[in-house]
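Protein chains: 2
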Amino acid sequence: MSFEKLCLHTITTKPWDLQTAVQKYSAAGIGGVSIWRDAAQGFSGGIKAAGEMTRSEGLEIVSYVRGGFFTGLDAATRQVAIDENKKLIDEAAELGAPLIVLVCGATPGQSLFTSREQIAEGLAAVMPHAEAAGVKLGIEPLHPMYADSRSAVSTMAQSNALCDIVDHKNLGITVDVFHVWWDDALEAQIKLTAEKDRLFSFHLCDWKDQPEDMLNDRGLMGEGVIDNRGIRKMVVDAGFKGFDEVEIFSNRYWAMDQDEYLKMITDAYQKHCI
Amino acid sequence: MSFEKLCLHTITTKPWDLQTAVQKYSAAGIGGVSIWRDAAQGFSGGIKAAGEMTRSEGLEIVSYVRGGFFTGLDAATRQVAIDENKKLIDEAAELGAPLIVLVCGATPGQSLFTSREQIAEGLAAVMPHAEAAGVKLGIEPLHPMYADSRSAVSTMAQSNALCDIVDHKNLGITVDVFHVWWDDALEAQIKLTAEKDRLFSFHLCDWKDQPEDMLNDRGLMGEGVIDNRGIRKMVVDAGFKGFDEVEIFSNRYWAMDQDEYLKMITDAYQKHCI
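These protein sequence lines are chains A and B, in that order.
If you're matching positions, the first sequence starts at 1 in our numbering and goes up one per residue.
If you're matching positions, the second sequence starts at 1001 in our numbering and goes up one per residue.
It cannot be assumed that every hint is accurate.
Straight-line Cα separation of at most 25 Å, SDA-like style, residue types lysine to any residue; simulated pairs [what the hints assert, rightly or not]:
{"hint": "1", "chain 1": "A", "residue 1": "K233", "chain 2": "B", "residue 2": "D1213"}
{"hint": "2", "chain 1": "A", "residue 1": "K191", "chain 2": "B", "residue 2": "Q1110"}
{"hint": "3", "chain 1": "A", "residue 1": "K196", "chain 2": "A", "residue 2": "D217"}
{"hint": "4", "chain 1": "A", "residue 1": "K5", "chain 2": "A", "residue 2": "D83"}
{"hint": "5", "chain 1": "A", "residue 1": "K24", "chain 2": "A", "residue 2": "G45"}
{"hint": "6", "chain 1": "A", "residue 1": "K14", "chain 2": "B", "residue 2": "P1108"}
{"hint": "7", "chain 1": "B", "residue 1": "K1208", "chain 2": "A", "residue 2": "T114"}
{"hint": "8", "chain 1": "A", "residue 1": "K208", "chain 2": "B", "residue 2": "K1169"}
{"hint": "9", "chain 1": "A", "residue 1": "K241", "chain 2": "A", "residue 2": "Q158"}
{"hint": "10", "chain 1": "B", "residue 1": "K1169", "chain 2": "B", "residue 2": "D1213"}
In case anyone wonders, no lab produced these hints; they're calculated from the structure.
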């Protein structure tokens, strides 16, 4: 069985190092991988070699994860974030990743409106660097339960508003079902995003009924309340031709045999997504 | 010190039974109480006597908590919910509570759009009973992290849409900062709700930065990221004249000395809300 349009995030199978993950994904017929920074940095030969190794195994690198965190109470903190994002952009170029996924940031002690202004400023400051490096940036709206200190950008509409403000062809949106499944504007916003040529990537997983943990208890597609097939259809109908990326943070799945888990992922993808 | 416009939910000081809670609140100069169903049912003399005892201690009963859960995969389940809500309305009337707070429900296995249709149907079915009993119903939009199986109504906008559909003077909205603080439409929606004479009640607490538990780790006002004073100002500016209700679910606070905790609540209310 071939899963040409399926992509796994390295964090999904966190116990595996990059080389193991790439080889296992490749052997399973999976076409793409999104590489988390720690996985790339853990590769002995360096980031460029990590990219070459990945391609030599027949996998396409879909994204480098993750940049952002542009907010802060003072300008010095925000400048550190801007510098760090430029470094990430350089790393993505070296790796051969066409896209960096952004978690935009939020800072307790200031309003979400202020944080979103700072995010727009941070993005504006790094876009020329991204363009020069040939790297795109994808704003990933995060679920409102992460608005405390992870992302003041909670919805597709806010992401599109940011893209309108910054107005750069290398800036777009990453849609993750986990974060946006509840939003009644989802379908309209997916269409709008695609029409504006900024639907950059798409993530699958599931939201379990009453998760045990706010961060690391995501479900495998089919085990929760998200209509993965339905949302994927919205994305495909809007014209998206990219990968279906599986990104699951799960203490439960990380604790199990990863070969067995990989089989469960491809089974769930077939059964509940395509 | 008098806290005439302050109201506590009995669940905030869960270790206390109703009579203890009412006496302690009254001694602290607190003006109101919202009574949870289990607290009322636990009162030895029955629900009517619970209401009399509460008023005899000088407290106003602000709301009875909670009804709703109108969704279900089959009509029989939904009819049970309708019957249960009618019973709750009778209890509220007996208690002398002018308002029932509603958690509207959501059911895994059906879309949020379907759930919201069922909620509208359930509301329409119980409104005549509520009117006859002289009881109002307040839709409480719940945070999107509860959209799996607690509430398909996640926003003020969805709550107002439901009120427009059902269109009954006894149906309105309960605003709880915990659920709606992240919403960029909050201020506009509060104004709209008040203009339509359906801003029925207002709840305070805080959202801690990265809560440990999705349900029972709410913060005391001032210890998290919510601008309680700012949101209260929106509500007051919109014309709301009701109580400031403190509703906190917290394993941490329930485990401590409740007299000491009550003092922390009134201090936090003075310092961070009014």
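Please list, smallest to largest, the hint numbers that this structure does not respect. Of the numbered hints, 1, 3, 4, 6, 8 and 10 do not hold.
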